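Chains as they are written, first to last, in the numbering used here: chain A, 459 to 691; chain B, 459 to 691.
Don't read these hints as lab results, they were simulated from the structure.
Remember, predicted model here, so these are calculated numbers, not experimental data.
Among the hints, a few may not be true.
No copy is singled out in the list; a pair is fine if it fits within one copy or between any two copies.
Here are the simulated lysine to any residue pairs, SDA-like style, with alpha carbons at most 25 Å apart [claimed, not checked]:
| no. | residue 1 | residue 2 |
| --- | --- | --- |
| 1 | K616 | R535 |
| 2 | K582 | N533 |
| 3 | K685 | V510 |
| 4 | K621 | E492 |
There are 2 protein chains.
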Amino acid sequence: MKIKAIFFDIDDTLYDSTLQTDMARRNTIRAMIEAGLEIEEDEGIKALNEIVEKFGSNYGYHLNELLREFGYEENPRIIAAGIVAYHSTKIAYLVPFPDTIPTLLKLRDLGYGLGVITDGIAVKQWEKLIRLGLQHFFDSVIISEEIGIEKPNPEMFKIAARKIKCKPEEAIMVGDRIDKDIVGANKVGMLTVQLMHGKHMDEIPKNPDEEPDYIISNLRDILKVLKEIKKRN
Amino acid sequence: MKIKAIFFDIDDTLYDSTLQTDMARRNTIRAMIEAGLEIEEDEGIKALNEIVEKFGSNYGYHLNELLREFGYEENPRIIAAGIVAYHSTKIAYLVPFPDTIPTLLKLRDLGYGLGVITDGIAVKQWEKLIRLGLQHFFDSVIISEEIGIEKPNPEMFKIAARKIKCKPEEAIMVGDRIDKDIVGANKVGMLTVQLMHGKHMDEIPKNPDEEPDYIISNLRDILKVLKEIKKRN
Numbered sequence: 459m460k461i462k463a464i465f466f467d468i469d470d471t472l473y474d475s476t477l478q479t480d481m482a483r484r485n486t487i488r489a490m491i492e493a494g495l496e497i498e499e500d501e502g503i504k505a506l507n508e509i510v511e512k513f514g515s516n517y518g519y520h521l522n523e524l525l526r527e528f529g530y531e532e533n534p535r536i537i538a539a540g541i542v543a544y545h546s547t548k549i550a551y552l553v554p555f556p557d558t559i560p561t562l563l564k565l566r567d568l569g570y571g572l573g574v575i576t577d578g579i580a581v582k583q584w585e586k587l588i589r590l591g592l593q594h595f596f597d598s599v600i601i602s603e604e605i606g607i608e609k610p611n612p613e614m615f616k617i618a619a620r621k622i623k624c625k626p627e628e629a630i631m632v633g634d635r636i637d638k639d640i641v642g643a644n645k646v647g648m649l650t651v652q653l654m655h656g657k658h659m660d661e662i663p664k665n666p667d668e669e670p671d672y673i674i675s676n677l678r679d680i681l682k683v684l685k686e687i688k689k690r691n
Numbered sequence: 459m460k461i462k463a464i465f466f467d468i469d470d471t472l473y474d475s476t477l478q479t480d481m482a483r484r485n486t487i488r489a490m491i492e493a494g495l496e497i498e499e500d501e502g503i504k505a506l507n508e509i510v511e512k513f514g515s516n517y518g519y520h521l522n523e524l525l526r527e528f529g530y531e532e533n534p535r536i537i538a539a540g541i542v543a544y545h546s547t548k549i550a551y552l553v554p555f556p557d558t559i560p561t562l563l564k565l566r567d568l569g570y571g572l573g574v575i576t577d578g579i580a581v582k583q584w585e586k587l588i589r590l591g592l593q594h595f596f597d598s599v600i601i602s603e604e605i606g607i608e609k610p611n612p613e614m615f616k617i618a619a620r621k622i623k624c625k626p627e628e629a630i631m632v633g634d635r636i637d638k639d640i641v642g643a644n645k646v647g648m649l650t651v652q653l654m655h656g657k658h659m660d661e662i663p664k665n666p667d668e669e670p671d672y673i674i675s676n677l678r679d680i681l682k683v684l685k686e687i688k689k690r691n
């Protein structure tokens, strides 16, 4: 079967979201210390990580919780210092991997349809694509909030294929997460490529459904995968 | 009476918030047009201004309203393009007036206590001070949300004076708004200085309570005002 389309996850696939998150949290704590919070940097980061884990990443009051955790009263000055540092760092690190744009350009030149399949809030995911400068690269962007289902629901991958006018077997899914990207795409018969990067890198396939067809460590290696597939056919 | 302290409003007093807002809205509309919204720039800006007027500036869905206004369906891509442009522009224009920092430094050198008296959400106002790089300049920052009353409530100015350990008559209030800054400070016996800048510049005192003691067109002219006051005493 000839490959016609390639789909990508965004976070930790098109850009380094693990590094972004780590740096944003570190700089948040540093700024709060600078603003008067008397704690050690590392204990602050540990506490913040636990709070995000507990309340979820879309909760709006992580830093208020953090102050409470260390016995501080509400302090808008310290919270604001953290927020400014957090957002500045998030934006500063919202840049594609060095090989993202060259690889996507090459894939377009080769005639592949390109798409995004991502979980999250639609406006937020579009914000990422726009800040990454990638908003014009994709023929189709499927975001969970807009269609009401999330990865690994196979329906999401089917919708993506239909929208780009190919069969699932004619498409490749590239992502970092076995539980989200690989499992879902495997189920509909897409070829799957795991990008070994970020905090989900160490998760290991527990059964054949979770096995990616290919493993790459840089996005540009997708070009090698395509050659490999051609050779096999 | 010897002047001991000087209080400042933030918006359109320490930085050019009128220019910031105008530019942020213009760039929002430009980015939305670039992302596919087919309208004229000027009609878009006019509509956005009316929407902010109608729903208030802290409403979270101005751009959704804008799309609806022009007969478009929800479109996270276009909304995200607007949001990115809005925030980038807001941050880019969050810089002090050229004479803000030199003037504040000079006033500190001269031994005056410095304070901020501002309406708004505490974290947001602190964010402004931090991004302006002014967070360490003030001995006291009074924000309406934290004390539960807003300008021109005289109590707010009394609290500010008490916190900086001076009598209201020993303090000067500098702001751009007659209805908020001048009226409130006049009532507690502070000397009042209107900075003629921004969108409230054309409002005219309607009675003696609304008359500022001094009018300046640049922040550095506060130094002339102080000389004038010394001469009179």
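Subject >> Unsatisfied constraints (hint numbers, rising) >> reply: Violated: hint 3 alone.
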